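Student: Here is how the chains run, residue by residue.
There are 2 protein chains.
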Amino acid sequence: MQAYEELKQLHLQLHNLRHFLALGGWDMQTMMPPKGATARANALAELEAHVRQLHTAPRVALLLKEALLVKDELAEVDRANLREMVRLHELASQLPEELLRRKARLTTLAQQLWVKCRAENDVAAWLPTLQELVDLEREEGRLRAGTSGKSPYDALLGANEPGMTVAKLDAIYADIKSWLPALYKEVLENQKDVDASLTELQTPISKEKQIALGRQLMTDVWRYDWGAGRYDEAPHPFGGMVKEDVRMTYYWSPDNYTKCLLATIHETGHAKYEQNCGPRELLGQPVCEARSGGIHETQSLLAERMIAKSAAFAEYLTPLLKLHLGAQPGLTVENVRKINQLVKPSYIRTLADEVGYSLHVILRYEIERDLIEGSLEAVDVPRVWNEKMKEYMGLETLGRDDLGCLQDIHWAAGYWAGFPAYTIGAIGAAQLMAAIRQQLGDDVVTQCIRTGHIDPILAKQKEMIWDLGCLLETDELLIKATGEPLNPRHLREHLERRYLRKED
Amino acid sequence: MQAYEELKQLHLQLHNLRHFLALGGWDMQTMMPPKGATARANALAELEAHVRQLHTAPRVALLLKEALLVKDELAEVDRANLREMVRLHELASQLPEELLRRKARLTTLAQQLWVKCRAENDVAAWLPTLQELVDLEREEGRLRAGTSGKSPYDALLGANEPGMTVAKLDAIYADIKSWLPALYKEVLENQKDVDASLTELQTPISKEKQIALGRQLMTDVWRYDWGAGRYDEAPHPFGGMVKEDVRMTYYWSPDNYTKCLLATIHETGHAKYEQNCGPRELLGQPVCEARSGGIHETQSLLAERMIAKSAAFAEYLTPLLKLHLGAQPGLTVENVRKINQLVKPSYIRTLADEVGYSLHVILRYEIERDLIEGSLEAVDVPRVWNEKMKEYMGLETLGRDDLGCLQDIHWAAGYWAGFPAYTIGAIGAAQLMAAIRQQLGDDVVTQCIRTGHIDPILAKQKEMIWDLGCLLETDELLIKATGEPLNPRHLREHLERRYLRKED
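Chains as they are written, first to last, in the working numbering: chain F, 1 to 504; chain D, 1 to 504.
To be clear, the hints were calculated from the coordinates, so they are not data collected in a lab.
Incorrect hints may appear among the rest.
[Said to hold, decoys possible] Example chain D residues on the side facing chain F (calculated, C-beta under 7 Å, incomplete): (1) 13; (2) 16; (3) 20; (4) 22; (5) 33; (6) 35; (7) 41; (8) 42; (9) 43; (10) 227; (11) 228; (12) 233; (13) 245.
[Stated by the list, open to error] Only pairs whose alpha carbons sit at most 27 Å apart, straight line, appear in this in silico BS3-like list of lysine-lysine: (14) D:168 <-> F:103; (15) D:103 <-> F:8; (16) F:35 <-> F:103; (17) D:259 <-> D:207; (18) D:259 <-> D:168; (19) F:185 <-> F:35; (20) F:35 <-> D:192; (21) F:209 <-> F:35; (22) D:8 <-> F:209; (23) D:8 <-> F:462; (24) D:207 <-> F:209; (25) F:116 <-> F:259; (26) F:259 <-> F:502; (27) D:462 <-> F:35; (28) F:480 <-> F:168; (29) F:65 <-> F:8; (30) D:209 <-> F:207; (31) D:35 <-> F:8; (32) D:207 <-> F:207; (33) D:390 <-> D:168.
Please read these numbers as outputs of a predicted model, since none were measured by experiment.
Note that beta-carbon positions come from the ideal geometry of N, C-alpha and C, so glycine has one too.
I would like the entire structure built from these sequences, with the hints used as guidance.
Tutor: See the structure below:
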């Protein structure tokens, strides 16, 4: 007990210090003036080193051993907390500080170079640095794998998504690849006249109007807690900071209101999870944290795709759009639904429709897995990207790497094995929504969405996911909520229902 | 050398970690939603404890001893740096962590209570807590005095204003008290018709207009570096954060444009000092820090009082006001000067004119000195405040403690021996401006201010104060810049020149 109590104190301390890492990150993307960057980078590096030192001190390993000896005396929530403490300590101890510093330096440099190379469509200038990133990540993967017998990519994947493995993921993607390309073709064929038949909304739309619309949806529909958050402009929309103070951001473009709107709703989905996550009496403890990036994405995509893109939501949204943007020919329920559900091959993942989106993710997963496992080198990436893009989406990226392998920041930022979270989210959101529809009744759910009164859906999300924090492991969590582990069948059924049968 | 180099590393580390204390404080007053307060307080406490631990580790004292042994081998700037390292280490070591935590708890509670008591004009409910604060501060003073033979208040004063003592301050205040009350009466007599003769500006004035005016003055006149700062709303105007990223704030009222304007200019004076302070190659080292609160105030008051309130500045300001607020009868040069130079007894220090301001400060200094030295107790404060207010300003505060001893946050926040900085600033600003006028020529300075092209004045400030950081001790700094240590004669001459002879 004594050892466990001391570990809890340590985690409170880590929680309190990480508060500043999060604040420093949020501020950097929203408020910080350009000349503040060096001081911020130095400050973040200093505090990160201290946090790591505290977390990996030799005493911590001893305390964990002691606590494990008497874990059966602990309450269930504390046992789960201890399990997470062990997992996080292992992760923190796998990498030496030297590698972390090396990675921080390389990724800072790489991100600056990446911005330039993407802007100039200059993949040749990028590839040597990509190879350095790959080499470093292979090293990280080997260190994380240790003596476990895992492959480097498998180890990285498990670090990001506890419980997930390459074997599981390959099976999921094999399933998806067996039906998605055909489904995609069919939807494209069905929609071939939609683009011409829909009425674009009048542009430009002012920032003030887009933000007011976003704020109203966050408040009225998603019950975002403004006492514990903010909503500011950022170059890329994100939500986060700390769970006691979850800040949202928006990115807006005068010509594309859906991008700002759907990104806001997506981030609100994340924010609701954070604002309500875990047993609050254990605030600051690992068990009170979000389960994983993949589970996080189930919440954002449930908001964005299951609710906001549905036909029923167009009924709620259309009068609201009239209120904020003024009456105009495009503001009919049917036209708003068409805009939200338009399917059209896109070079850019973040602008892709939800049918094609998983193909973008599979492409990246396959490439990064093969890079880390060693069957691919950086120099192969433009070619392989183009081949897969042609195969999966019918699009060519040869000579336009800015629309191809240069489009994402992830690898430049040293974020590997992160793309699979988007698929876990896409499947999980559909799977959770199916369970919610079953439990509440299909008509009730549709009526909730049609009227914007989604409280019963939010209550189910709370019960199924938010309240549980890290009490359960991922598979257990999904089984408890939906009766089964992650199953791509639900994504297929959702897409067929919405895009082939037009029932959603 | 080795020891000194290690100390430099330590100070870089402290600088990097204090970055987050500063960011946490700035964010708390500008951005943080209310429910984020507890998490922020916990995070600040955790990081402060760590910073203190690093700074007072036993090894630091040993390193300082070693470095002092070979200090003659150091360059001048490094010797000054080492001198500041010793001073800061002494200050940090004087108080046990237990007292700091006790003070943090008490002042958090006290500030909440103070807000309530001031709003309800309930001094009786406030006095027991004030006594607790006094008791704690007596303890802090005794600990800081140690075996030095200093009195507790003297020790607190020296901690805030290196080199300043009660003896020096008493002499300065005796001087001021020998002429200011009579001067004040004479100015009031001279101005008795001004209030009726001046034309108030039309209100309300929108926030946007006030902010645009502030931004333009910061940019065009003071050359504020926007690449290294921001300008946001806060409940009380302040400037600060970290020297690499100096953020300004504004408070605005629709009915009082001068308050927002002059506060912005005042804070810009502080910000310019921070943005340019010390030898930058020693960034992060104590020698690169601002000299003291008092010297900081010389820079803010030079901007606010010496420049912005002068008759010459009214010539620059009037057309600018027309541009931002629209033409109106009050916008003549003479009327703008009258508004800026209006002298009128005020209960509230922060709203006081510059002639009476020092009397407000003397009152507080005398009361807090006597409280800490033990000749006064909290229960005496309302009575003594009223007596002094009547004597110095001819105003009664009996029964209106919200306009009296409840008006300032300083004591509630545990900030004692801080008021004298305002007098050091008032005298020092006049003294520096007299030196600048002598060096550049009176006509040149007036012409600079009249046209808003104050670059030659800023260059003098840079040379006299900013560049030097903590290279010199306070008296040396003032002697180097002006030929003499702090001399209240300059405040008197400034006030007589402006308010009796109407030459400024």
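Student: None of the hints should be skipped; say for each whether it holds.
Tutor: Evaluation of the provided hints:
For the restraint placing residue 13 of chain D at the interface with chain F, the shortest Cβ-Cβ distance is roughly 6 Å, inside the 7 Å limit, so the hint holds. At its closest, the beta carbon of residue 16 of chain D sits 4 Å from a beta carbon of chain F; the interface hint therefore holds under the 7 Å criterion. For residue 20 of chain D, the interface hint holds, since its Cβ comes within 7 Å of a Cβ in chain F; the closest pair sits about 4 Å apart. Given the 7 Å rule on beta carbons, the hint for residue 22 of chain D is violated: about 10 Å separates it from the nearest Cβ of chain F.
Restraint check, residue 33 of chain D versus chain F: the minimum CB separation of about 6 Å is within 7 Å; hint holds. For the restraint placing residue 35 of chain D at the interface with chain F, the shortest Cβ-Cβ distance is roughly 4 Å, inside the 7 Å limit, so the hint holds. Using the Cβ-Cβ criterion of 7 Å, the hint placing residue 41 of chain D at the interface with chain F is not satisfied: the shortest such distance is roughly 10 Å. For residue 42 of chain D, the suggested interface contact is upheld, since its CB lies about 5 Å from the closest CB of chain F, less than 7 Å.
Among the interface hints, the one on residue 43 of chain D holds; its C-beta lies about 4 Å from the nearest C-beta in chain F, closer than the 7 Å criterion. With its C-beta approaching chain F no nearer than about 4 Å, residue 227 of chain D sits inside the 7 Å limit, and its interface hint holds. For the restraint placing residue 228 of chain D at the interface with chain F, the shortest Cβ-Cβ distance is roughly 4 Å, inside the 7 Å limit, so the hint holds. Nearest Cβ of chain F to the Cβ of residue 233 of chain D: about 13 Å, over the 7 Å cut. The hint is violated.
A hinted interface residue such as residue 245 of chain D counts as satisfied when its beta carbon comes closer than 7 Å to some beta carbon of chain F; here the least separation is about 3 Å, so the hint holds. Pair hint residue 168 of chain D plus residue 103 of chain F does not hold up; C-alpha atoms about 55 Å apart against a cutoff of 27 Å. A threshold of 27 Å between alpha carbons decides the hint, and for residue 103 of chain D with residue 8 of chain F the separation of about 26 Å falls inside it, so the pair holds. Restraint check for residue 35 of chain F and residue 103 of chain F: the C-alpha separation of about 23 Å stays at or below 27 Å, so the hint holds.
Under the criterion of a C-alpha separation no larger than 27 Å, the hint pairing residue 259 of chain D with residue 207 of chain D is consistent with the structure, at around 12 Å. For the hint linking residue 259 of chain D to residue 168 of chain D, the alpha-carbon distance of about 32 Å lies beyond 27 Å, and the restraint is violated. Taking the CA atoms of residue 185 of chain F and residue 35 of chain F, the gap is near 49 Å; set against the 27 Å cutoff, the hint is violated. A C-alpha spacing of about 50 Å is found between residue 35 of chain F and residue 192 of chain D, which places the hinted pair above 27 Å, so the restraint is violated.
For the hint linking residue 209 of chain F to residue 35 of chain F, the alpha-carbon distance of about 31 Å lies beyond 27 Å, and the restraint is violated. Only pairs whose Cα atoms come within 27 Å are accepted, and residue 8 of chain D paired with residue 209 of chain F is rejected, the gap being roughly 52 Å. A distance of roughly 51 Å separates the Cα atoms of residue 8 of chain D and residue 462 of chain F; the hinted pair therefore is violated under the 27 Å criterion. For the proposed pair residue 207 of chain D and residue 209 of chain F, the alpha carbon gap of about 20 Å is at most 27 Å, so the pair holds.
As the CA atoms of residue 116 of chain F and residue 259 of chain F are separated by approximately 24 Å, the hinted pair is consistent with the 27 Å bound. This hinted pair checks out: residue 259 of chain F and residue 502 of chain F have alpha carbons roughly 23 Å apart, not beyond 27 Å. In summary, the hint linking residue 462 of chain D to residue 35 of chain F is supported, as the alpha carbons are separated by about 20 Å, within the 27 Å threshold. Between residue 480 of chain F and residue 168 of chain F, the direct Cα distance comes to roughly 19 Å. Compliance with the 27 Å bound is thereby established for this hinted pair.
A distance of roughly 14 Å separates the Cα atoms of residue 65 of chain F and residue 8 of chain F; the hinted pair therefore holds under the 27 Å criterion. Proposed proximity of residue 209 of chain D and residue 207 of chain F is supported: the alpha carbons are some 20 Å apart, at most 27 Å. Of the pairs offered as hints, the one joining residue 35 of chain D and residue 8 of chain F holds, with about 23 Å between alpha carbons and a cut-off of 27 Å not exceeded. For the hint pairing residue 207 of chain D with residue 207 of chain F, the CA-to-CA distance comes to about 19 Å; that is within 27 Å, so the pair holds.
This hinted pair checks out: residue 390 of chain D and residue 168 of chain D have alpha carbons roughly 26 Å apart, not beyond 27 Å.
Checked against the numbered hints above, the structure violates hints 4, 7, 12, 14, 18, 19, 20, 21, 22 and 23; every other hint is satisfied.
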